[in-house]
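**Student:** So the chains spell out like this:
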Amino acid sequence: DAGVIQSPRHEVTEMGQEVTLRCKPISGHNSLFWYRQTMMRGLELLIYFNNNVPIDDSGMPEDRFSAKMPNASFSTLKIQPSEPRDSAVYFCAIPRDYLIYEQYFGPGTRLTVT
Amino acid sequence: QQPVQSPQAVILREGEDAVINCSSSKALYSVHWYRQKHGEAPVFLMILLKGGEQKGHEKISASFNEKKQQSSLYLTASQLSYSGTYFCGGGPRTNYGGSQGNLIFGKGTKLSVKP
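So the protein sequences, as listed, match chains A and B.
When you line the first sequence up against the numbering used here, it's residues 1 to 114, in that order.
When you line the second sequence up against the numbering used here, it's residues 1 to 115, in that order.
Everything labelled a hint here was simulated from the structure, so no lab data went into it.
Any given hint could turn out to be false.
Each computed BS3-like pair below joins lysine-lysine, with the alpha-carbon atoms no more than 27 angstroms apart [claimed, not checked]:
id, chain 1, residue 1, chain 2, residue 2
1, B, Lys107, A, Lys78
2, B, Lys67, B, Lys50
3, B, Lys50, B, Lys68
4, B, Lys37, A, Lys24
5, B, Lys26, B, Lys67
6, A, Lys24, A, Lys78
Simulated restraints on C-beta separations [said to hold, decoys possible]:
id, chain 1, residue 1, chain 2, residue 2, range
7, B, Ser112, A, Met40, 15 to 25 angstroms
8, A, Gln80, B, Tyr74, 40 to 50 angstroms
9, B, Ser61, A, Gly28, 31 to 41 angstroms
10, B, Asp17, A, Pro84, 35 to 45 angstroms
11, B, Glu40, A, Arg22, 13 to 23 angstroms
12, B, Leu80, A, Thr38, 24 to 34 angstroms
13, B, Arg13, A, Pro61, 35 to 45 angstroms
14, B, Ser61, A, Gln17, 28 to 38 angstroms
15, B, Lys50, A, Gly28, 25 to 35 angstroms
16, A, Ser73, B, Val43, 17 to 27 angstroms
Just so you know, even glycine gets a beta-carbon here, dropped at the ideal spot from N, CA and C.
Okay, chain A solo, but in the shape it has when bound:
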């Protein structure tokens, strides 16, 4: 069964600090999505990996954001330096099937940048 572990679940940091969010699919997947959710902008796709390679990173806000997927069981989203406007809930999601009809979302990381 699909399952995703995200860590940390909550992160509070000061402006200017580096933040690393982690995503671990329980069963390895070659495709993975990172989303950001805010009240103002809703649920936005940041980056999409397929075969561990970034396919679409057009949603990454700016150079402060970077993401990696070194293998099918792990991905990171890094923000350096962080800013208050980065405060959001960050989800990673994996497909339930090879056609990617259904995405299974992890529990999310709530990031607060003060």
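Following the hints, complete the assembly by docking chain B onto the known chain A.
**Tutor:** Below, chain B alone, put in the same frame as chain A:
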């Protein structure tokens, strides 16, 4: 280019019906519907594909008008468990026929079902 959902919010009594609409200005291959309860992650409900195929969910159904690029989600005889925010997401077609998965989501419709 974000799909537009309407209404933004709706309040129902248990047993009442509701329709949530989703409209896109871009040509879509697929429309995906998700529900998110407060403090939780979005959960997949169903997908509608160009050509009419759909994968459904218990008492919730949906339609996809390809010409108008509009989709509607129908919640029949609503239950308390239907409360949450409903998102539609539009997906472009890939060369291999599936949905590439890089969805653009609408801002959501908040549904509250009261006893």
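**Student:** Now tell me if each hint is right for this structure.
**Tutor:** How the hints compare with the structure:
no.	hint	result
1	Lys107(B) <-> Lys78(A)	holds (25 angstroms)
2	Lys67(B) <-> Lys50(B)	holds (10 angstroms)
3	Lys50(B) <-> Lys68(B)	holds (12 angstroms)
4	Lys37(B) <-> Lys24(A)	holds (23 angstroms)
5	Lys26(B) <-> Lys67(B)	holds (11 angstroms)
6	Lys24(A) <-> Lys78(A)	holds (15 angstroms)
7	Ser112(B) <-> Met40(A): 15 to 25 angstroms	holds (21 angstroms)
8	Gln80(A) <-> Tyr74(B): 40 to 50 angstroms	holds (45 angstroms)
9	Ser61(B) <-> Gly28(A): 31 to 41 angstroms	holds (34 angstroms)
10	Asp17(B) <-> Pro84(A): 35 to 45 angstroms	holds (42 angstroms)
11	Glu40(B) <-> Arg22(A): 13 to 23 angstroms	holds (19 angstroms)
12	Leu80(B) <-> Thr38(A): 24 to 34 angstroms	holds (27 angstroms)
13	Arg13(B) <-> Pro61(A): 35 to 45 angstroms	holds (41 angstroms)
14	Ser61(B) <-> Gln17(A): 28 to 38 angstroms	violated (47 angstroms)
15	Lys50(B) <-> Gly28(A): 25 to 35 angstroms	holds (31 angstroms)
16	Ser73(A) <-> Val43(B): 17 to 27 angstroms	holds (23 angstroms)
Hint compliance for this structure: hint 14 alone is broken.
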